[in-house]
Each structure stands twice: as structure tokens, then as C-alpha cells.
Amino acid sequence: MRKAPTLPLLDRPLDSVVMTGNGQSIDARQFLADVFHFAGLLPRGGYAINLAKDRYLFLVAFCGVIVRGACNVLPPNAQSRVLSDIAEGLAAPYLIHDGGEPASDLPSVRVSRAKASSACPEIPRIESSQLACISYTSGSTGASSAIPKSWNMLWNGAIINRQFLLDEPERPVGLVATVPSQHMYGLETTILLPLVTDLRVQPGRPVYPIEVAEALQEIAAPRVLVSTPLHLRALAESRVPFPAIERIISATAPMTTELALEVEQQLGARLIDVFGCSEVGCIARREVARQGDWRPFTPFRFQQDENSFTTIDADHMDEPVRLQDKLEFEESGRFSLTGRLGDQVNVGGKRASLGELSRLLLSIPGVSDGQVFEAPIESRVQRLAAVYSGTASSSEVLRHLRQHLDPVLLPRPLIQLDQLPRNETGKLTRDALVSLYQSNRKT
Amino acid sequence: MSGQTAAEQKMAEMIVEVLNLEDITAAEIGPEDDLFGDGLGLDSIDALELALAISKEHGVQVRAEDENTRAIFANLRSLTAYVEANKSAT
Chain Z
301 MRKAPTLPLL DRPLDSVVMT GNGQSIDARQ FLADVFHFAG LLPRGGYAIN LAKDRYLFLV
361 AFCGVIVRGA CNVLPPNAQS RVLSDIAEGL AAPYLIHDGG EPASDLPSVR VSRAKASSAC
421 PEIPRIESSQ LACISYTSGS TGASSAIPKS WNMLWNGAII NRQFLLDEPE RPVGLVATVP
481 SQHMYGLETT ILLPLVTDLR VQPGRPVYPI EVAEALQEIA APRVLVSTPL HLRALAESRV
541 PFPAIERIIS ATAPMTTELA LEVEQQLGAR LIDVFGCSEV GCIARREVAR QGDWRPFTPF
601 RFQQDENSFT TIDADHMDEP VRLQDKLEFE ESGRFSLTGR LGDQVNVGGK RASLGELSRL
661 LLSIPGVSDG QVFEAPIESR VQRLAAVYSG TASSSEVLRH LRQHLDPVLL PRPLIQLDQL
721 PRNETGKLTR DALVSLYQSN RKT
Chain B
1496 MSGQTAAEQK MAEMIVEVLN LEDITAAEIG PEDDLFGDGL GLDSIDALEL ALAISKEHGV
1556 QVRAEDENTR AIFANLRSLT AYVEANKSAT
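Those sequence lines, one after another, are chains Z and B. Here the first sequence is numbered in the numbering used here, starting from 301 and rising by one per residue. Here the second sequence is numbered in the numbering used here, starting from 1496 and rising by one per residue.
A couple of the hints might just be wrong.
Example chain B residues on the side facing chain Z (calculated, C-beta under 7 angstroms, incomplete) [as the list claims (entries may be wrong)]:
no. : residue
1   : D1529
2   : I1540
3   : L1543
4   : A1546
The set of hints was computed from the structure by calculation and includes no laboratory data. Think of the CB as a built atom: it goes at the ideal place given N, C-alpha and C, for glycine as much as any other residue.
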């Protein structure tokens, strides 16, 4: 496929509603004016760490940065250490926020709700090859985990999602989401998809059931809810009444059939489970209440090697990507997920490598030996635990880890020992770790 | 230690049970210890689980404009006070 040299920023009618909620609405014309107004506040080029929480303001900032020829940087969280680690590797970094000064020394620009009064400009065209965003795999923030994407990849990904996530892309639909815009799944479904289809985005980021219900009430039917298994379980089990939802899109971790059936019954919506990864975006879907296998979006091509690694490619991708999940294909081209490669774990939708987490633990002054492992408990969410030896106190170790990691990835418990029970070959067996974990229990 | 009121004690027991906290007992949770961050080390997943348990047990719906606004979840005392206040209001 020949790549077009430029691509538009937007493909939807200028009088269609981009943002709605709280009795307010903003159409695409006003949205473009807001984008250009904000772009005018930015330095030329450079890297904008986009921390805006309000979904509309994030969208304005995201597009403003691209129009300005700069690159959006999407940190996995807003911890100050994470921000400074990320900024260190970038030329001319600055922050974008929407209120609440971020704890950082970096220069910052605020994006606000003041409506730009300038006339609506033409829909801008963006260089296809322009670096549009850099995101990071959630477990770490090292330079190696940076995922750069061109406008070509983002735009064409959005076109693919329009075709495969929505049945009638032309129809206006209201959208509420519980996931942050900075997460690749949130970015694709709640920021990029609205650029190419008539989605009306509710600007909040509700998390608790009552907040989700209120956000849904704010927008007109038909409604789409973008969420995760973790949030959906809470919604299904809550006693909160929800307005009619037509479709629920879930990602970050595979749904079980039981949970999907419960969610569909409690919320009266069709649930679509999406498989994807930060490097590629959404890749396949299934209606998990009725379908066990995944149906890949047709633009993607898969190749498997003898070590059961799957490499995925597509015309719009900047380069092929090797998947961290094990895929087993059927004759029909559909596939099942049969596990993870290597030492990848998924904690409430945040992915990390146990090896990388253990290396981080070992890098802490006063830690001489240590290992992070999956906690052997029957709970609804996989949790991590860790053992270590050394002179550092457990609160020192935790303080150090907390500077680098999303809180959900922190080991619980963190067990301090005089010496780790390594076997003759120097290995810590799973059995040894499980018994350590159990002997640490107080209850 | 303790200094927990009866309501706080019940809440502490719920926290330990719901969140599978295995290296701390309910009585060890100080009423004004931070539940998140440097204190008990709870996180966003815990907040969601806890909110659900509170809605089932007390019929009180927890809300936070922003997940990071942790005024309600600041400590055992603030959480218990919030639940008690909203229970009596209904």
C-alpha cells in the first residue's frame, strides 16, 4: 500500500457533536477552533507530556500538539519520578495539564475550557510520517519500553477500529469511559475513534459505579461504555441503576464468560471483549458471552515461528510487532489465547515483566538479593509479592519502588529475610516462594 | 494499638477481609494512618473493591470526582465518617 503523504486530523461532519455532558455540547467546528487556539500557546516542536484528565481537554491538547508539529508523550502515571525519568530522554520536554499543578520542575502549559472565539479553520492535514505520540508499557518507564507511533499508524488504526468496534459508524453515539486517555486502549477508543466517527464523548473519567451511572445519565442514548473487566465487575455487582447501554467495550485483560454474562444481564448491553497491546492497538474482538474465540480485524497479518512467538503486521504499522501472548489459530483464522510468553503479568490491566520488576528491586541500595513473584492467593485480581534480603528496611524499599511503579504493581507483601531460600542451582522455586508467602500470613 | 471506635473497628475488619491483607490485622490499622501511599499501601484496585463492599454492606455509594482525590479514602477515620454520615442521610 502506498502511504499518503498527509492525512487529515478529523473525518466527521463539522456540525456533529464531539463532546457532550452536563447539558453542554461542543461541535467539531468549535473543537477545531479550540485545537488551533491551544496549538498557538505551544512551543514549536518538542515533546508534550500530556497529563490532562478531562477527556475533552486531553483531546484538544493531543490534537493541538500534533498540529504544532510536536509529539504527545503519554506517561503510565503522573508520579513525579516517572515524569522526570521520561523527560530525561527527550529533547525540549514540557507538561500539559488541565488544573492542579503537577509535581514537577518541567515547564508546563495549561489547557482550559475557555471556548476559543476564532473562526473555524479548515481541517488541517498532518504529515503521515510525523511522530504523533510516545506511550510506555505500564510496568516500566525505561527507554526500552517507549512505544513511538506515527500519525499514519494512529489514523489508520482509528479507521480500522471504526469498522470493527462499531456496527454503524455513521450513527451518533454517546460515549462514557472508565479508562484514562493516556492508556493506549483509552487513547484508541475515546480519543482517536471520535476523530473519525460521530462519537459524542462525555468528558469525565468516572470509576465508581455511581459515577459511571451519572456520567451515562448525562448523555443521550444510544450509549457506549468503554471499560475494563475490573471496573465492569464492580458495576455488575453494585446495586446502582444504570440507564440503557447499547454496547460495552472491554479490554486490558480477557473477560471470563461468567463475568460477561453477568455484565450483559445486569447492564442490559452487548459486551465486546477486545484483544490488543500497546504496541499495536486493538487487534481482535469477540462477544465473549457467546463466542470463545477471537476474531482478528482483517487488516492484520499474523506469522508464527517455531518458538510459538506470533509476529503481527499490517499495512499501516510502522514496523512488525512480536506479541507477548500465545495465540493458537484455528482453520478459520480465529484464535484463542493460550498463555503469556516469558514472565509477563497483568495486574488489574497493568502489564509488567516479573524479571524487570525484580531487576528494579535489586537496583535499590541496601537490597542484596530479591525476587518479585505472583502472590499465590485466590482473589479476583492477580497481585504481586516479593522477597528480599539486605540492610534496607521494607519501608525504604517500598518508598523506592513507589517512585518508579504504578501502585498496583507494588509487591504485597514485601517480605524481608536474612537469606533467600535458593536451591543448589541458585534458583528460587515457586514452592519455596509459596511457602514463604504462607508463613508470612497473620490471619 | 488501636483507639478505633466501634464503627472504625468494623470498617478495619472489612478492609482486611475484602482486600486479603495478610500481613496486618484489623486492630493494627491506626485510625489516622494513611490507607494509600506510605501507610497501608492501598491502591486504585483496592479502592474499587472497598467501595463495592461498602455499597453492599451499608448501601452507601462512594464517589470521587477523580480517582486521585483520596479525601474519603485518606484514612480509616475519614472513610468511616463518610460512610456513617451518608448512611444516616438516607
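Grab the minimum C-beta distance from D1529 of chain B to chain Z and call the hint holds if it beats 7 angstroms, violated otherwise.
This interface hint is violated because 12 angstroms lies over the 7 angstroms limit.
The hint names L1543 of chain B as touching chain Z; please verify it with the least Cβ-Cβ distance against 7 angstroms.
Interface hint status for L1543 of chain B: holds (5 angstroms vs cutoff 7 angstroms).
Less than 7 angstroms between beta-carbons is the criterion; does I1540 of chain B satisfy it with respect to chain Z?
holds (4 angstroms)
Should the interface hint for A1546 of chain B be scored as holding, given a Cβ-Cβ cut-off of 7 angstroms against chain Z?
holds (5 angstroms)
Violation of the numbered hints given earlier is confined to hint 1; every other hint is satisfied by the structure.
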